[in-house]
Structure formats: structure tokens, C-alpha cells
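Protein chains: 2
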Amino acid sequence: MVRLYHVALSPFCRKVRLTLAEKKIEVELVEERYWEQGPDFLRRNPAGKVPVMKWDNRTMSESQAICEWLDETIPQPPLLPRDPDARYEVRRLCAWFDDKFHNEVTSKLLYERVNKKIMGLGYPDSKAVKAGATRIKYHLDYMGWLLDQRRWLAGDAMTLADFAAAAHLSCLDYNCDVDWNRSAAVKEWYAKIKSRPSFRSLLADQVPGFPPPAHYADLDF
Amino acid sequence: MVRLYHVALSPFCRKVRLTLAEKKIEVELVEERYWEQGPDFLRRNPAGKVPVMKWDNRTMSESQAICEWLDETIPQPPLLPRDPDARYEVRRLCAWFDDKFHNEVTSKLLYERVNKKIMGLGYPDSKAVKAGATRIKYHLDYMGWLLDQRRWLAGDAMTLADFAAAAHLSCLDYNCDVDWNRSAAVKEWYAKIKSRPSFRSLLADQVPGFPPPAHYADLDF
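Here the protein sequences come in this chain order: P and V.
Here the first sequence is numbered in this note's numbering, starting from 168 and rising by one per residue.
Here the second sequence is numbered in this note's numbering, starting from 168 and rising by one per residue.
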């Protein structure tokens, strides 16, 4: 039995969901109001964050550690290449999105506008929202530059780096925060990853009070 | 030729320095005023962060990606175990320290009191400092709990998780922010790791305007 405690618009949860789905692992999703830090949740994960994965009797946390474990224990399809240099590039880009992109964009757009409201933390800080909206352009350009040289973000094969990036962008797209006209290469890459069966569960997400725009689940966006 | 662009009191740089030293790789250290974001530096690393490692003609960033690459290309001594479950635990703890501990403690104590001054960003926010000083107790207790069951943080062998933790604690200890009397197990673990030859370069660090306390470099602290 695999259970994932998650929230729908968490890029870290989405990265794990994509990895599980690519590995053809059925998972029971349980919405977790982690910000309430209930004692049951803190017993499951003293770090107080989602995702938390229950795998038989094990309780696992930290999205990157979970994804690498899944790739090591269920090798097909591989989500990290075998060559150390190529693996480095995948890990560098996962960190790029989960750290830099997260701090500069996701936390400033999504967390300000959606998470704050859900958690009852008041109104968005418009300076932060503006900074995030400016900064995402730089990141889309960087992705476009990478994709002009490569089929996928970290090289010629699809890897965990693509899932990390797509997890963030799909959360932002739920809120209309991605300008898909900025880079043809990025749009083509996202269309490719969005049409994978592993993406379906993400496209079916519905957050109460925040209906997704029509293009969100449309494969021809 | 290996060159590391770094700052002395960055836990991420220290994790890479410890890994290089354990692998017996000689490295030229270059102090980098990364917060000035000079064009040369941004050319080396568009993420605008340290550490940046030059390895022959390659330029590498993101401390965890660098350390895993070093462990894959220079296998002796191993800093990650071979078993996937044990590797998961190492990666979980690296993320614990580099994300959770960093946000709750290092950024609140060290960055408020030292980095802000060096970067000319004004005075420390006393509320942040107080929050960090409270939170470090919880983390030391968590480490003590782990070390009551294990010889090293992630199991019975020394791993990258120990370096991640020691990198943060050594930066804080430079500023007298660690209460070594809180947990005998943590103190014993730190004494063990501090006495390794790989630690010597860290203990010789001197930050202008911030002389270290006498116990900082003392192996019998």
C-alpha cells in the first residue's frame, strides 16, 4: 500500500506524484492541511512538510530523497541517467527549480495568492507578486536556452529535472501565471510532458475556491 | 586543477570542502563576494550562489549535486552507502539540514548577525535571532535522539549527512551559537568529526571583523 499525504498545488508533491505514476505505482492521495501541524501529522513527519509517503510500514519525506529512492528501487523507466556527469546535471536542475525557482517565483506568486488565502494568512503582498511575475520571465528564458540545445531539460532523455520543472510550472499555470508565448521551445516541451499519462492526475486537481482556467487541463493549450 | 569559489561561513561551501578533503582532492579556495553578483561570477554560475567548483574546464554548482557527483566519480572513501534505503536516509538528512535547519536556524542566527554586516544590510533582526536561538535546541535534541540509536547521523557509517550537519554547526559554532552541553551524544559526534584531517581547513578559517572564539578550533572543546 502506498499513500501520499499531499496538497494539490505543492510542486514538491507533484514531483513525487509524477515519479510514482511514471513508475506505474498506484497511490492513495490524502489531502494534508500541513500548516495546521496537527500531532498526527508531526508524528508522520517531524519536518512538518508535505509530501509524506507511506510505503508499507515506512514513512518517508523530502521529495528529492523520495524520488531518488523510487528510481533506485524501481529502475524502469529510469528517471536519472547512468553517467555521473549527466546525473549531476539532473540534480543541479532539480535544485535549480526546487530552490531558486521556488524562492524567486513559486513562493512569490502561488504562495502569496493561493496558499495565504487557504491558510488564512491574509492578503498577498503585491511587491512579492510583482517580483515573482518579473522573475519568471528570466526562468522561462533560461529554460528556452536549455531546450534550444537539448530535447529535454537535462539532456536528450526525460529525467527527474523535467518533472521538477513541470511540477512548478503546472502549479503556476493553475493560476494563469505562465506566459506560454514567451518561448516556443518551452511551450513545446510542456505540451510533450503534459500529454503523458502520468500527468493526468495533476490536470484533474481542483482546489476549492480556486477553479482552474480552461486551458489548464487542455493538451492543446 | 580544482578551484572552489566560496565564502568561509557558508555551510553549503563547507559541505563541499569536507567532501573534497575526504576524497583527498587538493583545491584552491577563492573567496567570492557572491552578493555583489558581478558579471564574472554570474557567468560562472547563473544561479548567483556559492559554492561554484571549477573542475578542469567544467563549472559546477549546487552543493548536493556536486557532492553526489564527487562520490560517484571518486568512490573512495564512500560518503553514501550502497543500499537504497540507507541512501534515502542520507539524502533525507542532507535535505533536513540544508533546508529545514538552514531556514530555521542558520539563516536566523548566522545570516542575521554576520552576513548582514558583511553585506552592508544593516542590523540583525532581534526577533529572527531569538527564533533561531530557540529553534536550534529542538534540532540538537533531534540529533541527540538519532545519535542515541546510531553511531553516525544516518546509520553506522559516516556519510554526507554528517558533513551537511557539521557544516551548519561549525558555522554557528564560529559565532558561539551552539550549546554543546545540551546533548552529550551530539558533542561526542562533533568531537569525532572535528578531529578528522578534512576538518582542519574549516578550523583555520578567519572572517575579518569576526574573530572566532578560542574553543572553535580546539579539538577538546
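Treat the hints loosely; a few may be bogus.
Copies of one chain are not kept apart here, so a pair can be met inside one copy or by any two copies together.
[Unchecked claim] In silico DMTMM-like cross-links for lysine to aspartate or glutamate, where the CA-CA straight-line distance does not exceed 25 Å: (1) K297 - D387; (2) K267 - D292; (3) K284 - D250; (4) K191 - D344; (5) K283 - D344; (6) K284 - E271; (7) K304 - E203; (8) K283 - E271; (9) K221 - D252; (10) K221 - D250; (11) K304 - D207; (12) K221 - D292.
Treat the hints as calculated values from the structure; they're not laboratory data.
- List of violated hint numbers, smallest to largest: 1, 3, 4, 12
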